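A.B. asks: Protein chains in written order, with the working numbering: chain A, 1 to 592; chain B, 593 to 768.
The set of hints was computed from the structure by calculation and includes no laboratory data.
None of the values given here were measured: they were computed from a predicted structure.
Glycine residues also receive a C-beta, built at the ideal position from the N, C-alpha and C atoms.
There's no promise every hint is true.
Which chain A residues stay away from chain B? Per the calculated CB distances, all over 10 Å, these [stated by the list, open to error]:
1. Ile47
2. Met54
3. Gly80
4. Val151
5. Tyr165
6. Lys167
7. Val301
8. Leu314
9. Lys322
10. Pro383
Residues from chain A that face chain B, not an exhaustive set, calculated with beta carbons under 7 Å [what the hints assert, rightly or not]:
11. Phe50
12. Trp78
13. Met79
14. Ala238
15. Ala240
16. Val241
17. Leu371
18. Phe372
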Amino acid sequence: MRNLLADWFENRTGLPSRLQSMRDEPLPAGPRWGYVCGSALLAILLIQAFTGLMMMTAYSASSSTAWGSVYYIEKQMWMGWLIRGLHHFGAQTVMVLAVVHLLQVLFAAAYRAPREVNWWLGLILLGLLVGFGHTGYQLPWDQKGYWATKVSTNIAGGAPVIGPYIKTVVVGGNEYGNQTVTRFYGLHVGILPVLLALTLGAHLALRYRHGLKPPADAAEKPKAVPSTYFPDQTFRNALAVTAVLGVMLGLVFWEGGAPLDAPADPSSADYPARPEWYFRFLFQMLKAFPGRLEWVGSIAVPGALMTTLALLPLLDKVIPSKILHFFVCAMAFTIAGGAGYLTLSSFREDAQNPAFHLAREKADKANERALFLASHPDFGIPPEGAGYLMRLDPLTRGSALLEKKCLGCHRLGEQGTDQQSAPDLKDFGSLAWIRGLLEKPDSPTYFGKTPECDGMTSWKKSSKLDAKQLDQVAQFVASFAKIPEGQTVDDWLNTPGVADHPGNELFQKDCGKCHLIDGYTEGGVQDAPDLFAWGSPQWMKRMIRKPGDAALYGYLEDKQRMPASPVDEMPDSDVSMIIRYLKGDYLKPNAP
Amino acid sequence: MNRRDFHRLGTRVLGALVKLAVAVPAAAFLLNPLRRKGDGGSETFESLVPLSQLPVGVPKSFGIVRDQIDGWVKYPKEPAGSVWLVRQPEGVEPAVVAFSAECPHLGCAINMGDDGKHFVCPCHTSAFDIEGKPQNQVPPRPMDRLDVELSKDADPIVRVRFQRFRTLAEEKIPLA
Chain A
1 MRNLLADWFE
11 NRTGLPSRLQ
21 SMRDEPLPAG
31 PRWGYVCGSA
41 LLAILLIQAF
51 TGLMMMTAYS
61 ASSSTAWGSV
71 YYIEKQMWMG
81 WLIRGLHHFG
91 AQTVMVLAVV
101 HLLQVLFAAA
111 YRAPREVNWW
121 LGLILLGLLV
131 GFGHTGYQLP
141 WDQKGYWATK
151 VSTNIAGGAP
161 VIGPYIKTVV
171 VGGNEYGNQT
181 VTRFYGLHVG
191 ILPVLLALTL
201 GAHLALRYRH
211 GLKPPADAAE
221 KPKAVPSTYF
231 PDQTFRNALA
241 VTAVLGVMLG
251 LVFWEGGAPL
261 DAPADPSSAD
271 YPARPEWYFR
281 FLFQMLKAFP
291 GRLEWVGSIA
301 VPGALMTTLA
311 LLPLLDKVIP
321 SKILHFFVCA
331 MAFTIAGGAG
341 YLTLSSFRED
351 AQNPAFHLAR
361 EKADKANERA
371 LFLASHPDFG
381 IPPEGAGYLM
391 RLDPLTRGSA
401 LLEKKCLGCH
411 RLGEQGTDQQ
421 SAPDLKDFGS
431 LAWIRGLLEK
441 PDSPTYFGKT
451 PECDGMTSWK
461 KSSKLDAKQL
471 DQVAQFVASF
481 AKIPEGQTVD
491 DWLNTPGVAD
501 HPGNELFQKD
511 CGKCHLIDGY
521 TEGGVQDAPD
531 LFAWGSPQWM
541 KRMIRKPGDA
551 ALYGYLEDKQ
561 RMPASPVDEM
571 PDSDVSMIIR
581 YLKGDYLKPN
591 AP
Chain B
593 MNRRDFHRLG
603 TRVLGALVKL
613 AVAVPAAAFL
623 LNPLRRKGDG
633 GSETFESLVP
643 LSQLPVGVPK
653 SFGIVRDQID
663 GWVKYPKEPA
673 GSVWLVRQPE
683 GVEPAVVAFS
693 AECPHLGCAI
703 NMGDDGKHFV
713 CPCHTSAFDI
723 EGKPQNQVPP
733 RPMDRLDVEL
743 SKDADPIVRV
753 RFQRFRTLAE
763 EKIPLA
């Protein structure tokens, strides 16, 4: 029955005998380790295709969902880290094997007749693999991928004449977004694979047509027993593939998967974008071609190199073969050495650059935060997209806004510029802050740098409150921050613990002379803000929105006052982020 | 074993190893949904309506709104499904019966019949009486009853534990 089926299949397709003849391909020079590279490359490419297909069942290509789905693959799915890790390190392995394969063919002079076309196909394949690397790199739509995409598409955009058009088409417009992700995804999983399959198919067909190139000295050592491809060469291939896969698996286990940076953030000004290590030499070389010369480094030099390689089989006809071969081998060594040197110097430059370390540290922190928030049961990835993961986090968004909008005048502990002209906001509204103010109002932490707010300083000079009484006042004022929104002064005074607070009377007598609280203190001696609900989110919001309010610092002249932030400059959500950040109201990782 | 036999065996063994190294994680990856728990049901009760607002004997439909996790996205307060509540006459325990609106046949949403006295499924004409018992041969089992509890308030709030069950089965099997 089995034979019957096999015969029928053979009769209709001829496939089994074709495969058999491939297996029985004679190896005149015997099996060789030198032949394993192409096979290993093919095997890893198959693994890439397979792991890529797996990920297609979970990946979602859009600027709002890409990061989330990759996060899901990497951190939530069963062995997702292993699948993605294999794909990630497989991509690097493919690049290494492709270059080794190229050098091997070059050194063996296998570009000579009759293998010219296969040499060209190989060069096209190399270009396609670079395309795979570039298009795959950005698919997670994390910081790394986002900035790398910007750089690589801008390189394409810098090409003379047609560059800008190519860039617009590839990016899907002038903005990087959904269309960029879908286009790169289409290239990565559709267009490039088809081109690769066609080119690779032709490459392999020609390889069987011409056979493996025996080494130059093969004739000198005839083999006693004739070898065939299976099993003599296949065993070596299998060993090589196993070893390469072993290394890949080792790297995946070592890394615990593949890296995933924080979600893409077009507003981050200091992200230290770097390409994958195998593009580092190109990255470093670009530094030698500044400004308008950029296209020389990014397009002309690699282009000239590829053109030279492509012309080799033709040059072989006009230049004596041996001289040409010597020349190209020397060139290959020079380029490999140069690339190695550039790669090393790129890494060395980064290692010696404190600004890079700082930026990297910041990026790592953002990354850690993003992963923490995404995995937190009370947070998770919001429906708006992974970009909002950070935008809805008071720690990330609040600190960024505070730095941009407030720390020009204020300080936050060590943070802030040197032109401080307003109090330190670290722990603003807390017992420590108010106690410190009562102790030393003219310290730079409080109103020392705000000469127009000298009321507290003159109060301090005349105040007779001792340390214990200051503690009590401070505790009382610190309790204002807990006054709920919408509560009136009367309601508050009737709340248990307010009227009989040891600081109540002291506050009313000592502070109430200046600080008017309607229905509670008199005010009037000196201008001072209303302290009702001081330090609470609603008080801080009023302060940010309308510091010139009569109940706040309305008594100051315009130029002395803190500038207001109107809604069209800063939406309510942003104000709330700043306040929540200052109040420490955000998710914190549990202390280990 | 001669050299060529060793190579033959070695090729097969190593080839199998390489394939396994990729196939095992791939299988796990694809089977991931089997591993995820808690998609079908919930351990918590959802508050729906004060008892006083439910008329006796007249089925009322209520949407279940809760935080939903869809793959990697967390949707706060999204509709997850709906239930039918039928308040029982005074003195009958339990005071309220809750049915899942998901048809045990193939999962369409069960609606009220024109007469307001029986349930029908618009997809394949499953029909149930007011107690959820099948009235024709289409549904494999009665409508799925859900756990109900009443809060301790003066006017108790009806709370329902929303769960999903396997369709087509004759038994009520909760989805893990």
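A.B. asks: Out of the numbered hints, which ones does the structure contradict?
C.D. replies: 1, 2, 3, 10, 15, 17 and 18
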